[in-house]
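Colleague: If you want the building blocks of each chain, they are given just below.
There are 4 protein chains.
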Amino acid sequence: MTESETGQQRQFIAPEAADDALVRLAKIGGQVQGVTRMIREGRYCVDVLDQIASVQKALDGVSRTVLRNYLERCVTDAIKDDDPLIHDELMKVLFRHR
Amino acid sequence: MTESETGQQRQFIAPEAADDALVRLAKIGGQVQGVTRMIREGRYCVDVLDQIASVQKALDGVSRTVLRNYLERCVTDAIKDDDPLIHDELMKVLFRHR
Amino acid sequence: MTESETGQQRQFIAPEAADDALVRLAKIGGQVQGVTRMIREGRYCVDVLDQIASVQKALDGVSRTVLRNYLERCVTDAIKDDDPLIHDELMKVLFRHR
Amino acid sequence: MTESETGQQRQFIAPEAADDALVRLAKIGGQVQGVTRMIREGRYCVDVLDQIASVQKALDGVSRTVLRNYLERCVTDAIKDDDPLIHDELMKVLFRHR
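Residue numbers (the numbering used here), protein chains in the order written: chain A, 1 to 98; chain B, 1 to 98; chain C, 1 to 98; chain D, 1 to 98.
Excised from the complex, chain A in its bound form (with noise of 0.2 angstroms):
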């Protein structure tokens, strides 16, 4: 990944949002990484079961995070702009994701 790839076009995900979510993602990654070797070593299916839930709730971190950003930067700016659109994609990216 060069500068170039990741540096000026970060204009929809705010800098702190961004990295907040990076950080997460990191981590997520390590938890899919633990499920993983839980299944290898046989452990018992609640636990498991909880740790696959452990990364579900962190991927909800994540984007909650974005959500956020994206109702403060993207859906103020086009409110502001009268897109007539906003309520729609809105509505849509609200019951896909939690």
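Hints are supplied without guarantee of correctness; some may be wrong.
Identical chains blur together in the list; that is why a pair holds if it fits in one copy or across any two.
[To be verified] BS3-like mimics (lysine-lysine), calculated; alpha carbons at most 30 angstroms apart, straight line: (1) K57 with K27; (2) K57 with K92; (3) K92 with K80; (4) K27 with K92; (5) K57 with K80; (6) K27 with K80.
Honestly, the hints are just simulated from the structure, not real lab data.
Got chain A sorted already, so can you dock chains B, C and D onto it with the hints?
Modeller: Coordinates of chains B, C and D only, in the frame set by chain A:
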């Protein structure tokens, strides 16, 4: 991961279910990296949220595989053995994981 | 509701679970009327949404009561009888209801 | 319910959205009575759970109607007025109601 680490201990999760879960988890690991890349590339929030939703759906698939195995093996055995605690454990699992 | 309508047929749901569910459902009926009243009175959307969320939580409680009874009675009996279809039925129930 | 009780105050929820929600709520009241009847009649747990799931889906419909109205009216107005608290309120609503 050596044979001895992965082999015999797979007592709780049946081999086919474990293999199915491991294949899904490998794909999920790649999807998490995909979300990371999208955020770094400054992609539109809605596209990022869509991709996160795909990861969550894929994780639900793993959870479902492990849960079915848990019901078919652990819960079934416990009920046949008249384990008095199995319904409490099951309810706890069901209302933590979906 | 006469004795004959309510009496003997309570075979699937245990009397205590049925009574618990019926008390909750009577309360839920009142809560639904409460939401109707709030909308008629022109109350703030967030207050209406909060009240709808309360009804949903109360319904989850009924669902949980009936599900626990289903697991303890129907699923337990079916597993002891080696019913080959019970795991399919259970998975279908779990992924349709919370 | 008199004219004066229902009429002018419908400021937050638009008349068409309120009418839509009220029709749905009347149907939901009937569905709740249906669940009560099924439990009294000793119906199979899975049928009761299916009916409860239908009520929950119907309530989600009301919630969605009120949420869309909230976004189109209250949130839109607040954003145009630069209300600094609207994003916090919205996030709170979204993560309590789906």
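Colleague: All the hints need checking, so say for each whether the structure fits it.
Modeller: The hints, checked one at a time:
no., hint, in the structure
1, K57 with K27, "both (12 angstroms within a copy, 19 angstroms between copies)"
2, K57 with K92, "both (21 angstroms within a copy, 16 angstroms between copies)"
3, K92 with K80, "both (20 angstroms within a copy, 22 angstroms between copies)"
4, K27 with K92, "both (28 angstroms within a copy, 25 angstroms between copies)"
5, K57 with K80, "neither (33 angstroms within a copy, 33 angstroms between copies)"
6, K27 with K80, "neither (36 angstroms within a copy, 38 angstroms between copies)"
Consistency with the previously given hints fails for numbers 5 and 6, ordered from lowest to highest.
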